[in-house]
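This is what each chain is made of:
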Amino acid sequence: MSMEDLYQEIILDHYRKPHNRAPELEGEDVHVHHSNPLCGDEMDLRIRVADGNLDAVVFDGEGCSISQASASAMTLAVAERDLKDALDLAEDFRLMMHGDEPRRADDLLDGVAFQGVARFPVRVKCALLGWMALRDAIETYESGATAHSVTYDDDKDGS
Amino acid sequence: MSMEDLYQEIILDHYRKPHNRAPELEGEDVHVHHSNPLCGDEMDLRIRVADGNLDAVVFDGEGCSISQASASAMTLAVAERDLKDALDLAEDFRLMMHGDEPRRADDLLDGVAFQGVARFPVRVKCALLGWMALRDAIETYESGATAHSVTYDDDKDGS
Amino acid sequence: MSEPRDEDPMTFDVATLRKDFPTLQREVDGRRLIYLDSAASSQTPQRVLDAMDEYYETLRSNVERGVYRISEVATGRYEQARTRLARFLGAPSPEGVVFTKNVTEAINLVAYSWVRRRLGPGDALLTTEMEHHANFVPWWHAAQDHGFELRTIPVTEDFELDLDAARDLLADGKVRFLAVGHVSNVLGTINPVADLIEMARQANPDVVTLVDGAQAVPHLPVDVAALDCDFYGITAHKLCGPTGIGALIAKPERLEDMPPFLTGGSMIVDVQLDGVTWNHPPHRFEAGTPPIAEAFGLHAACDYLDDLGMDAVRAHEHALVGTFVDALRDTEGVTVYGPVDPDRRSGAISFAVDGVHPHDLGAMLDGHGVCIRVGHHCAKPLMRSLGVNATARASLYLYNDTDDLAPLLDGIAEARSFFAR
Amino acid sequence: MSEPRDEDPMTFDVATLRKDFPTLQREVDGRRLIYLDSAASSQTPQRVLDAMDEYYETLRSNVERGVYRISEVATGRYEQARTRLARFLGAPSPEGVVFTKNVTEAINLVAYSWVRRRLGPGDALLTTEMEHHANFVPWWHAAQDHGFELRTIPVTEDFELDLDAARDLLADGKVRFLAVGHVSNVLGTINPVADLIEMARQANPDVVTLVDGAQAVPHLPVDVAALDCDFYGITAHKLCGPTGIGALIAKPERLEDMPPFLTGGSMIVDVQLDGVTWNHPPHRFEAGTPPIAEAFGLHAACDYLDDLGMDAVRAHEHALVGTFVDALRDTEGVTVYGPVDPDRRSGAISFAVDGVHPHDLGAMLDGHGVCIRVGHHCAKPLMRSLGVNATARASLYLYNDTDDLAPLLDGIAEARSFFAR
Ligand SMILES: Cc1ncc(COP(=O)(O)O)c(C=O)c1O
Ligand SMILES: Cc1ncc(COP(=O)(O)O)c(C=O)c1O
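Chains as they are written, first to last, in numbering that gives the first Met the number 0: chain A, 0 to 158; chain B, 0 to 158; chain C, 0 to 420; chain D, 0 to 420.
Derived from the structure by calculation, the hints contain no laboratory data. Everything numeric in this text was worked out from a predicted model, so none of it was measured. The beta-carbon is built from N, C-alpha and C at its ideal position, and this holds for glycine as well. Hints may be right or wrong, so weigh each one.
As the list claims (entries may be wrong) - Selected chain C positions facing chain A (Cβ under 10 Å, derived; list incomplete): (1) R64; (2) V66; (3) E71; (4) G75; (5) Q79; (6) G119; (7) H145; (8) L149; (9) D269.
Stated by the list, open to error - Under the rule of at most 20 Å between Cα atoms (straight-line distance), these lysine to any residue pairs were calculated in the SDA-like manner: (10) D:K18 with C:R46; (11) B:K16 with C:H279; (12) C:K18 with C:R46; (13) A:K16 with D:F417; (14) D:K18 with C:T57.
The shape of chain A in the complex, shown without the other chains:
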């Protein structure tokens, strides 16, 4: 296992220049806060929904390169998707992190770059942080609520 498998250029790019990173979102429908205190990761994710589609997704917070880059790549992959479709993509990413081949590699866009992370078990939860926050945000939206907060333990990836 080499560092290159973990830190691909594409990942570092997202880390250095994250997309859709913002502390606020105008007209937000849901705001979720996810934290993994064991790693010291904190993630705020906000979504705005229009006509059943993800109209906007922004994240903010603190975390390692993997968690930040993965969240950035996630916001691009799910942009404008309808909620069910986004959930399906999140599940595809989660299974990829557990070693499966992605079914929807094309749709994941830069997300596929994180496939190598599956070989670093302690980093898997970093890569999943943004995706799990998204899933939670959508489920929170569907339940009619506007905010939710989740704290992770060591082994759970929200599955």
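Based on the hints, put chains B, C and D with the ligands in the right spot on chain A.
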């Protein structure tokens, strides 16, 4: 360590034909009950005091050959001694069980036969049971009480 | 558990297998060591020692937190031990497996985090007269502090639990917790725990149940899912494993709403000065650095036993205990406490020898290189009900065989002629 | 503890001594393994492994009950380990030494058997903001359940306990219990525990005190009698010992009137259906089969450390931590959290690297064969007070030397150029 060190003929004799074994004592001054539930040993010891001397000492109970024989030998060794002297002899016996040479080997009478028991740590407390009951009985007498009950743990010999 | 299948009675070669156990190789006074005290603690095969050495020699680090490789690998192996133990016991998921230091801690965990927090005046806890203190004193102590009633199922003259009495004790529906031993460490009796659990549920559908499996898991194929108990406790040092580790196997949902017992590192996800967020089970119940090397060892012990086959282990002991019990019963002056039928018992055989105190018997047998246990076996309530202060106990395991019988009987005979008039 | 004497500065040869530690012999990607995570768990010398093997290979049996020789010898050795540990720590008597599974259990024992039974509304318990969760959450949890007040001594900008604030927190005389860490696992700070204890006693002569010695005993000569605390906790896996064992060292009289915590076998002298007689300390607090092999290992660890000499261990680490701290502080972009003066600190060095998340730093260093810890180090309250979510921590022990510094610095440099813009 051979069985012969532990079970000398003199010990077996006391076990088979114990001296001063009785369930009651006329005119008893103190009755103490000592038990070591971990071994299943139970010992009732009764003393009668006259003019500051041990006028009578009897024991009863259940226990292994070592505890029964040692109590029997003890009753002979302390007979008619004054209380302080009997306590001193009990201390001599206790130290012998911890590996010391007895100071008063002659006074211990058959008690010296138990010297070999010192090499069997788990049996030391058996040999001490009667002597410690005696010490307790005398101390109980001196405190003005008439009965006392003591339960031992694994490691303590009442010292 | 199921009785060994009649077709294909798997067996193993005891002479070969003994070589796996280092302490059995030693001699005492020039005689082969005859170890008949496995109910107290079993011998440990080399393979288990090797597994622990592997950890210490190549992966020594703490678990659950490391971002470097030896710690990641050690963590993975520690968690695999959990999964392995779940599989060994038929537990539905490793999430219900909490590692403890021994079964005593496992039972105390339930006493503190469930019983003490939920039972009070008006409630009853049902246990039995044949329990080891580990499955008795925690309930007694909790009852003292919290004012609930402690009820005990008596033992019949045949050395079995009195199920009629149990039914009566359950009848008023007040029993909220049942704690019962799977196999008695004194009598060897295999208790009908599944039936008892069902009986308790009929009397109170919400009853919560715990089975002390310390003496069952080493000797019988055990399937905790089939027993349908809420909690099942085991201890590794009796099942070819190392000292220092045991486990509580729980229905995962039962742990979900239980507050922690020991608190500290690893069992929380967040601590603020004004509040704490507990971790999920099983981690919520594993505070501090766990017995890591010991988990490696327990994993290897499960492998060792499964490779032999628990059906084969039971078949071997079933035959052997029959031989031992028959021979002891045929010996003059010997009284056996425990079921006669090997179908109803495991390999712990308590007995008395007329005119010989158990202590003297133990010492005499030691002179023959035979290791037995004497005393109350941490089961004082049972001793009282048997009307004795102590018994001698010879207990069998997979490395014992018929050649261990003669030294035992010889020692008993010598003790009788030596001590009894 | 005393600072190493200036005359006769004992030393040892690290290169030779490293050979005692099997895991240090391994390579990672063809590089020497650089272990800088001893504050999480130390390496274990071969001698400790041999002591455990001796038990498993020649004396395997249970302790405290056997009448046969291997059990008698094993029992004697188990009790010798207690005496050895008492001597290692300057404890007046082995009667105050209770073996536990780790220091977390030791602290919980005190929380359950003392604090929870004696503190209530109107009382206060004083601890500090720099505690490991093991010395914080048990008090917090007890305060929740029993309604007493939890007070915490803050940390100054110099990463030391704020003694003026401590004095204020003690002033009203309500503090009945003081729980303080001897050495911080995050900052490395050596706390003036003897002074704090005295200060607490002045405010309330009946105050009961506990010191968490998990990070002190491995690194400093410790004399618990001189500290005059009521309770002192240690954990073996951090001091060259095995996993699965720790200890509570108490003033024996303090244990005398404490009810037990875990209950079961060995800790009682009698059980009737209607009453229990507790055993004397320390046995009262050791329910069930103890970590036997682990006690053999801990004994050997005390021997190993005493043979090197704790003064020499401290002298070596004192020099080394100075070198490491200076080098890190001289590295651009690195911030060290903890005292600068090696007199005031031990070998746990927390730091941050500008623009590099600790997780990424840990992964990068792992690529260099360097094992460090990253995260909150089970000290969330301290992290909050430092205003960080996580730190990186390199921690030193007797087998580390200046040759471990360059790989650390190289890895940090690479991480900076890789991650930081
Ligand atoms: C200061 C301190 N206290 C307590 C602990 C807990 O030790 P253990 O996990 O062995 O119980 C640790 C180690 O993690 C520590 O550093
Ligand atoms: C039936 C039973 N329960 C519980 C225990 C306690 O086991 P441990 O001492 O390993 O906690 C034992 C063994 O002594 C036992 O036989």
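Was the hint right that L149 of chain C lines chain A, CB cutoff 10 Å?
-> Nearest chain A Cβ about 36 Å off; hint violated.
Does the interface hint hold: is R64 of chain C within less than 10 Å of chain A, judged Cβ to Cβ?
-> Result: holds, 7 Å to nearest chain A Cβ.
Restraint check, 10 Å cut-off on beta carbons, for V66 of chain C near chain A | 6 Å, holds
Is it true that the CA of K16 of chain B sits at most 20 Å from the CA of H279 of chain C?
-> 66 Å, violated
Decide if the proposed pair is consistent with the structure: K18 of chain D and R46 of chain C, CA atoms, cutoff 20 Å inclusive.
-> Answer violated: K18 of chain D to R46 of chain C is near 25 Å, above 20 Å.
Restraint check for K16 of chain A with F417 of chain D, where alpha carbons must lie at most 20 Å apart = 14 Å, holds
Is it true that the CA of K18 of chain C sits at most 20 Å from the CA of R46 of chain C?
-> 11 Å, holds
Supplied contact hint for E71 of chain C, tested at 10 Å Cβ to chain A | 6 Å, holds
Supplied contact hint for H145 of chain C, tested at 10 Å Cβ to chain A = This hint is violated: H145 of chain C lies away from chain A, its Cβ roughly 31 Å from the closest one there, beyond 10 Å.
Is the interface hint for G75 of chain C satisfied, with its Cβ closer than 10 Å to some Cβ of chain A?
-> 7 Å, holds
Interface restraint verdict for D269 of chain C against chain A (beta-carbon cut-off 10 Å) | 4 Å, holds
Return the status of the interface hint for Q79 of chain C: holds when the least beta-carbon distance to chain A is below 10 Å, violated otherwise.
-> 12 Å, violated
Checked against the numbered hints above, the structure violates hints 5, 6, 7, 8, 10 and 11; every other hint is satisfied.
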